[in-house]
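Peer 1: Here's the letter readout for the chains.
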Amino acid sequence: MAKDLMFQDEIKEAVRDAYAGISAGAGETVARWLYSDEELAEVPQGAVAWALGVGNPVRYALLQPGEDVLDVGSGGGIDSILAAKRVGPEGSVIGLDILEAMCDRGRAHATEAGVDGWTEFRRGEMEDIPLEDESVDVVISNGVMNLSARKSRALAEIFRVLRPRGRISLADLTVEGELPPEIANDQSAWAG
Amino acid sequence: MAERVFAAKLQGAGFEDVWVGGHRPSGIEEASYYPLFTEEVIELMRKTLPPERHDHVATGVVVKARKPADARSGERGR
Numbered sequence: 000m001a002k003d004l005m006f007q008d009e010i011k012e013a014v015r016d017a018y019a020g021i022s023a024g025a026g027e028t029v030a031r032w033l034y035s036d037e038e039l040a041e042v043p044q045g046a047v048a049w050a051l052g053v054g055n056p057v058r059y060a061l062l063q064p065g066e067d068v069l070d071v072g073s074g075g076g077i078d079s080i081l082a083a084k085r086v087g088p089e090g091s092v093i094g095l096d097i098l099e100a101m102c103d104r105g106r107a108h109a110t111e112a113g114v115d116g117w118t119e120f121r122r123g124e125m126e127d128i129p130l131e132d133e134s135v136d137v138v139i140s141n142g143v144m145n146l147s148a149r150k151s152r153a154l155a156e157i158f159r160v161l162r163p164r165g166r167i168s169l170a171d172l173t174v175e176g177e178l179p180p181e182i183a184n185d186q187s188a189w190a191g
Numbered sequence: 000m001a002e003r004v005f006a007a008k009l010q011g012a013g014f015e016d017v018w019v020g021g022h023r024p025s026g027i028e029e030a031s032y033y034p035l036f037t038e039e040v041i042e043l044m045r046k047t048l049p050p051e052r053h054d055h056v057a058t059g060v061v062v063k064a065r066k067p068a069d070a071r072s073g074e075r076g077r
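In the order they appear, the protein sequences are chains U and E. Using numbering that gives the first Met the number 0, read the first sequence as starting at 0 and increasing by one per residue. Using numbering that gives the first Met the number 0, read the second sequence as starting at 0 and increasing by one per residue.
Keep in mind the hints are simulated off the structure, nothing from the lab. Cβ atoms here follow ideal geometry from the backbone N, Cα and C, with glycine treated the same way. Mixed in with the good hints there might be a few duds.
As the list claims (entries may be wrong) - Every beta carbon over 10 Å from chain U, so not counted as near; a handful from chain E, in silico: (1) Ser25; (2) Pro50; (3) Glu51; (4) Asp69.
To be verified - In silico DSSO-like cross-links for lysine-lysine, where the CA-CA straight-line distance does not exceed 30 Å: (5) U:Lys150 with E:Lys8; (6) U:Lys84 with E:Lys63; (7) E:Lys8 with E:Lys63; (8) E:Lys63 with U:Lys150; (9) U:Lys11 with U:Lys150; (10) E:Lys63 with U:Lys11; (11) E:Lys46 with U:Lys84; (12) E:Lys46 with U:Lys11.
My request is simple: use the sequences and hints to build the entire structure.
Peer 2: Now the structure itself:
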């Protein structure tokens, strides 16, 4: 048990270090694979450049005006901003990220996008979400769940903060079959 | 994490109406755009994975689900 917990801490530290060490996102090339031209036109260029997701959870979330949204692992804020545009000022968006530097980027991009009045960014971990029970209508995330060494705990936390009938739209990578151990055990593959 | 494992974890957490869609193959070239993948790992992928997997190492998906109307927070998963 103690060894498992140590391993979990090592993974968390590796992920945090990997994200803290990068100086840019995946960039516009990747963003154009994931988002439409219309969607990209809604967000500041800085948020596009810092995109690090693997899908488009907002498109599938079918957000409605007035809904309260949590974006787990909000990064540079591209999905938080798109969500904020959908829910409008009657709703709210909270971007949650493990790194304060990412929260700062999200805040700057949200301000540039004009959605800062109903969008905030908080530092925190997906396994211990700093929100009250049943406080949001929708949880989105993009390429984040795979980074957790305690996925069941993270999902339980998402379940906790959702209101009854609340919904999730989570984009992530799945892998079928085995990867060679040299890749599966590499820290950057874990973080990526 | 395999798709079926992801779906099972959601059901285990108490979610219902689990849906998986938006499947999109993700290969080595795409991974190389992400700064989190070092050049060493990208090269390792090219060397160790068979060529037919280079364009499809993983699959991007979107998973949707809903919290039951009668669920109370903290009932599952902790």
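Peer 1: Each hint: holds or not?
Peer 2: Taking the hints in turn, this is what the structure says about them:
1. Ser25: violated, 6 Å
2. Pro50: Check passes; 14 Å lies beyond 10 Å.
3. Glu51: The claim stands: glutamate 51 of chain E keeps its Cβ more than 10 Å from every Cβ of chain U (closest is about 12 Å).
4. Asp69: violated, 7 Å
5. U:Lys150 with E:Lys8: Holds. Lysine 150 of chain U to lysine 8 of chain E sits at ~8 Å (cutoff 30 Å).
6. U:Lys84 with E:Lys63: holds, 20 Å
7. E:Lys8 with E:Lys63: It holds: about 13 Å lies between the C-alpha atoms, which stays within 30 Å.
8. E:Lys63 with U:Lys150: Given pair lysine 63 of chain E, lysine 150 of chain U holds - Cα atoms ~16 Å apart, limit 30 Å.
9. U:Lys11 with U:Lys150: holds, 12 Å
10. E:Lys63 with U:Lys11: holds, 25 Å
11. E:Lys46 with U:Lys84: Roughly 44 Å separates the two Cα atoms, so the pair is violated.
12. E:Lys46 with U:Lys11: Holds - the C-alpha atoms of lysine 11 of chain U and lysine 46 of chain E are around 28 Å apart, at most 30 Å.
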